[in-house]
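Peer 1: If you want the building blocks of each chain, they are given just below.
Number of protein chains: 2
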Amino acid sequence: MSPSRLQFQLDAQASGSRARATTFHTLHGTIRSPLFMPVGTQATVKAQTQESLHESGSQILLANTYHLLLRPGPDVFSKLGGIHKFMKWPGSVLTDSGGYQIFSLPHSREMTEKGAVFQSYVDGQRILLSPELSIQTQRAIGSDIMMVLDQCIPSTADEKAARAALQITQRWAVRSLAAREDSPQSMFGIVQGALYPQLRRESAEGLMQLDFDGFAIGGLAVGEEKQEREDVCELTAALLPADRPRYLMGVGTPLDVLEAVHRGVDMFDCIIPTQVAKRGTAFTSRGIVELRRSVYKFSEAPLDPACTCPVCSTHTRAYLHHLTKTQEPLGWTLVGQHNIHFYHQLMREVRQSILEDRFLPLYHHWREILPIEDIDHPVTHPKRTSTKVEMVGDYELCGDPPAIRHRISTRTVCTTPQLDATTESQIVQHLRQPADSPPLVVWDTHLDAAATALAVILLYEAEAAKGHVRPLHLVSFSDDLSPLRLALHHKRHFPYLRHGAADTLIRRDVWESRYCIGLKWTLVHGAAVDAQAPAADVLLPRA
Amino acid sequence: MSPSRLQFQLDAQASGSRARATTFHTLHGTIRSPLFMPVGTQATVKAQTQESLHESGSQILLANTYHLLLRPGPDVFSKLGGIHKFMKWPGSVLTDSGGYQIFSLPHSREMTEKGAVFQSYVDGQRILLSPELSIQTQRAIGSDIMMVLDQCIPSTADEKAARAALQITQRWAVRSLAAREDSPQSMFGIVQGALYPQLRRESAEGLMQLDFDGFAIGGLAVGEEKQEREDVCELTAALLPADRPRYLMGVGTPLDVLEAVHRGVDMFDCIIPTQVAKRGTAFTSRGIVELRRSVYKFSEAPLDPACTCPVCSTHTRAYLHHLTKTQEPLGWTLVGQHNIHFYHQLMREVRQSILEDRFLPLYHHWREILPIEDIDHPVTHPKRTSTKVEMVGDYELCGDPPAIRHRISTRTVCTTPQLDATTESQIVQHLRQPADSPPLVVWDTHLDAAATALAVILLYEAEAAKGHVRPLHLVSFSDDLSPLRLALHHKRHFPYLRHGAADTLIRRDVWESRYCIGLKWTLVHGAAVDAQAPAADVLLPRA
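Chains as they are written, first to last, in numbering that gives the first Met the number 0: chain A, 0 to 542; chain B, 0 to 542.
No lab work stands behind these hints, which were simulated from the structure alone. On a predicted model such as this, the values are computed, not experimentally measured, just so you know. Don't take each hint at face value.
Note that identical chains are pooled: a pair holds if it fits in a single copy or bridges any two copies.
[Claimed, not checked] DSS-like cross-link-like pairs, simulated, lysine-lysine; straight-line CA separation at most 27 angstroms:
1) Lys490 to Lys84
2) Lys490 to Lys159
3) Lys277 to Lys87
4) Lys84 to Lys324
5) Lys324 to Lys277
6) Lys519 to Lys490
7) Lys78 to Lys324
For reference, chain A alone in the conformation it holds in the complex:
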């Protein structure tokens, strides 16, 4: 390989870890790693000003070629002199290739050797995204670092499919590099190969023969388990040359990022810090704080006492709780601003510890803190009652196998978590829309014993395991929680309730999946449909 355009320099290597600190130079400045890149999908990071991104220490923003190709279009960037001038961003920009977005669209695409054909969501036009068009677009955008067009597949794909994707990615890498022509922009290759070590090796070796300025690890965070991701990340990072930046695409939570730094990765991007901010989730030095919780209603404490960001120096948890509960845009802005600052501050601490060769203790410290829920206000789960309840409200348990019956009307409540075929296929079709679509809203107007609602949740989890899905917001309306309360006392007979979501829903009126980010279930008290509830895309029939 010829020397990197990035004038890459390895500053330090941690002892007892693969973690490293590096410095390199883009067309817009000096970059120090490890670093996190906030995602500016459409040439704006959700609800953040460029000024606040700059002040928080953002060095590089990621922008999405797929979205920018469609709107505002490459001609706007060409005419106005590139994305930096367009959005007035003084720092560096990395553009992805559009591959990830194309392959997460289930419809309206055809894959050939030439590229992928898809239909524009802006004007319905059919577009062939080839390596050449991707690079031309990234050249027009004028990013500092361009990514090759790759073929993304679920990380759980079988070996044959994974090998085919890897081979086409290698051929497209050659074409992407050629399409750069005389541009001074840097370009990264992307290692694919799903969860197969041998394929990851073949992919890395193939790409290393080409003249890339850095390497990305692709095809992770798309369906695999955390442990699998970490293993493949470690293995792949070790295959990559020591004198180029290593970038793990689309990862992750602060903990995921920390784990990958430990495994030798330098760069990260993820929508998580701004996405979870919208629902009031904050990462702090005292664990994960869910600002919706009423425990913060009167809290005069800052969000994170150890944080120096403008939000923590100004506002109270009480105000952020209020903005979250009222879904005010300022809440999204402020919590997102803190979260981005938190990622950057973590990366700065990590870098400093590597330079001073004390990374491992720092790693162990943060590894304990990061996954915990709010340390200072732990969530307490109410104690279980041991006496069996046979009746709640107007509902009773009767029959063998036991059923839940309304005592007056004698109607039996459905306790089979099943959807009819039409509803199921309707939901599946909706879920296959792009992951950055607004949440699919499903109304469950008859909560009963939550069997239908749980069927939706199980369906979502199954689809999410297969690959990329759109967020889903399930809204149940109920003016009588008795049948569900009764059923929860008898989980042995109603095993679908072992899932745990319904327990949380009853306790807090809201449940959010920890595993499937984007899956949310809320309870509206009152049978009548409430004007405050988000409007439905899908209405569940009564079981």
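Knowing the structure of chain A, use the given hints to seat chain B on it.
Peer 2: Frame of chain A; chain B shown alone:
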């Protein structure tokens, strides 16, 4: 009356106009009028930071007692030391009384001499909003200026209803004042009386016998014509004492505000600057700029070349156009920030001109500029064709009276703008929700000749004329505009199309009412329902 708590001072009075410049002092600082108060409904101005509000020169924010009573609740303000500390706002705050919100809720309220009973949208609790509760809540909030609880009625109410409302408002004013007790907060009375000069006089005289620190003109901007509003405003302002601030509630556009300054009013509040920012409407020194228009796609010009706000000194129209088209929250923030700055800058110029006794020429200058659409890029309407078209696509005009018929299936397209009773009552019920509810989304999946869509628009306009309505977003889906194009060539036969909305829709894919703020109609090309379209609250049946 005893001396005002506000240490009011009349700085200057314009020649040939009732416009005046005043200075007064709240618990949080010196206020100079004329001034505009941005609306911070829930202790936050939509999508704006307190820092940017302060920098733009906001002197007073308005906060809504009704919303803050429900969430976060007065106990939060009591415990945390008032709204200034809660939201970290260094300037002054005025709170309304909750009257306006209560009376714009059509359901779940009962009016008695005691107060108004309504149901909380947060927890369903029934609450009696009495003058005493309103003032207690405003005391807990700790605003600088409190408003009495008044009874709001449509400005078009008959004289008997208007007189009754005025009389109860007078009795409630006495109770509100008593409920202030020893608080150092100022309090304004509210002149009611709909459009009846005699009632306005009675109301003002009654209130002037009480010890208020200022007076508001209420019950305007709720259904009357612009000219009526201006006449009543002028008449009422002239009735009020010269040594107290005069506040016109809920008004208006920059032009409305200018007209009212000319008529002797000092203070204004309105949601318009942030509300219209969401759809990319900006007020500028070159007229009203609709940032959605594609004429700005490549524009490197600032939004307003004469403006010194951070948005105009940083960003291009091209970037703001892009953020508006992609509905990014940053677009809302930036355009709102500019609009608020524009109002304040206009008020500062007006004040300076009054102090220098050159208000009238400034008034005439702005009165010409403010209502114009973008001066530099005027909207051009395509020329009408004079030859009559009898066929468009697969549709033809036939019969007498003429109908529009699909040539192949021979289906006749509906050209009667009518809704079935169920749909109509469903929409009306939705519309009667609070005006600050999210827009009601109505899907029209069969545009045909737009008869059903126009029926919705006419229904909305009729309801809006009766009083306060919620915003409405009508989304039509069509893969064949031929029947509508054909009908538009023959408006003589299809008089419902004289409305003009359909012409604009076909030309621009979007129409927004100039008269009913909040009424919007967009066209989605393609018969299939599009994931990008907002989810439907109401689905129109095919006519």
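Peer 1: Of the numbered hints stated previously, which ones are contradicted by the structure, given in increasing order?
Peer 2: 1 and 2
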